[in-house]
Amino acid sequence: MIESGTHTPNVSAESFGLPPNTALRYERPDPRLAAYLTDYHVLDSDESDVGSVIEWMLPSWPAIRVILADNPIALTIGGTTYDPMPEATLYGTTSKAMRLRTSGGVTIGAGITPLGWSRLFRGPADGYRDRIVSLDTVMPPAIVTELVSLLRASDRALDVKAILDRFFLDHMGPPDRNEAEIRALMALIVDDKTQDLSTAAARIGIDARRLRRLATRHFGFPPKTLLLRARFLRSFLKMLAVRDHADYSLIATTYHDASHFLRDANRFLGMTPRRFMAMRTPYLDAALRARAVVFGTATTALHDVDAG
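In terms of UniProt numbering, the sequence shown is numbered consecutively and its last residue is 308.
Check the hints yourself; a few may be wrong.
[As the list claims (entries may be wrong)] Each computed EDC-like pair below joins lysine to aspartate or glutamate, with the alpha-carbon atoms no more than 16 angstroms apart:
hint: 1; residue 1: 224; residue 2: 192
hint: 2; residue 1: 224; residue 2: 196
hint: 3; residue 1: 96; residue 2: 264
hint: 4; residue 1: 224; residue 2: 207
hint: 5; residue 1: 224; residue 2: 264
hint: 6; residue 1: 224; residue 2: 126
[Stated by the list, open to error] Using C-beta positions, here's what the derived DEER-type ranges look like:
hint: 7; residue 1: 170; residue 2: 205; range: 30 to 36 angstroms
hint: 8; residue 1: 51; residue 2: 199; range: 49 to 55 angstroms
hint: 9; residue 1: 11; residue 2: 245; range: 29 to 35 angstroms
hint: 10; residue 1: 179; residue 2: 78; range: 30 to 36 angstroms
hint: 11; residue 1: 254; residue 2: 155; range: 42 to 48 angstroms
hint: 12; residue 1: 8; residue 2: 122; range: 29 to 35 angstroms
hint: 13; residue 1: 306; residue 2: 210; range: 17 to 23 angstroms
hint: 14; residue 1: 275; residue 2: 174; range: 41 to 47 angstroms
hint: 15; residue 1: 199; residue 2: 20; range: 47 to 53 angstroms
hint: 16; residue 1: 20; residue 2: 278; range: 19 to 25 angstroms
hint: 17; residue 1: 250; residue 2: 152; range: 39 to 45 angstroms
These aren't lab readings, by the way, just hints derived from the structure by calculation.
Yeah, the Cβ is synthetic: ideal placement off N, Cα and C, and Gly gets one too.
Build out the structure end to end from the sequences listed, making use of the hints.
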């Protein structure tokens, strides 16, 4: 089992509230990468005595993940199951909760912002939404092999931040010519005062046609979907923190009523909030707590690169 925690000062792994036989790390990328990567994370668990374990992941920005596990891991997004998962994987940006079946082992990952996508990958982000692909289909196989080898040879804990910092500093592509606009849209999406992305974007000189083109290419979804996802997750995370019941007083005031929120829940969770909260998800709960402690937000989908 790896050593849980973070290199971030004044943060104790005890605050993560991890379930037994699990470990977790969250790290802040090098400041030069802060606009392009949301976080580094290392997930670890012992093999269960009862076989595979089911966990869940919430919709998020893309991520690169390397699986260092003896037993296969399976992931379901919507109606598609990836079984087994590739050793080195690109998760596209997601609009659906993901069901994970694991039998233990280490997974090391890096979350990618839309700005990061613009510098790491040539293909449009909407071609990978709600999908996973083998990383060597979107990055040169030689550097993927190098990354996996370095992570395998590491302690898979304290060494990881330095390895990933060096990897991304070495392989980050040139800035996109639309970088300023992409960054501005990222800020609008996570701002809870943004009620209509088209109107907000127009105020900073981005018309509707250009907004949609930027959103699908670099963010993976049309503007409305991105804003709805952020609003839903902001509300649902408040509800999930209480967890004993579905408290609709916690949802955003921009929802007309509970049924409006439930429609979004079906879209982004595939079920009602009450049903999701009734499931046992101790590792997800710990990961949300840990990320909030280290970064100030529990999910990458609400990550503000300008928050510091």
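The hints, checked one at a time:
no.	hint	verdict
1	224 / 192	holds, 14 angstroms
2	224 / 196	holds, 8 angstroms
3	96 / 264	holds, 11 angstroms
4	224 / 207	holds, 14 angstroms
5	224 / 264	holds, 12 angstroms
6	224 / 126	holds, 14 angstroms
7	170 / 205: 30 to 36 angstroms	holds, 34 angstroms
8	51 / 199: 49 to 55 angstroms	holds, 51 angstroms
9	11 / 245: 29 to 35 angstroms	holds, 30 angstroms
10	179 / 78: 30 to 36 angstroms	holds, 31 angstroms
11	254 / 155: 42 to 48 angstroms	holds, 46 angstroms
12	8 / 122: 29 to 35 angstroms	holds, 33 angstroms
13	306 / 210: 17 to 23 angstroms	holds, 22 angstroms
14	275 / 174: 41 to 47 angstroms	holds, 46 angstroms
15	199 / 20: 47 to 53 angstroms	holds, 49 angstroms
16	20 / 278: 19 to 25 angstroms	holds, 21 angstroms
17	250 / 152: 39 to 45 angstroms	holds, 43 angstroms
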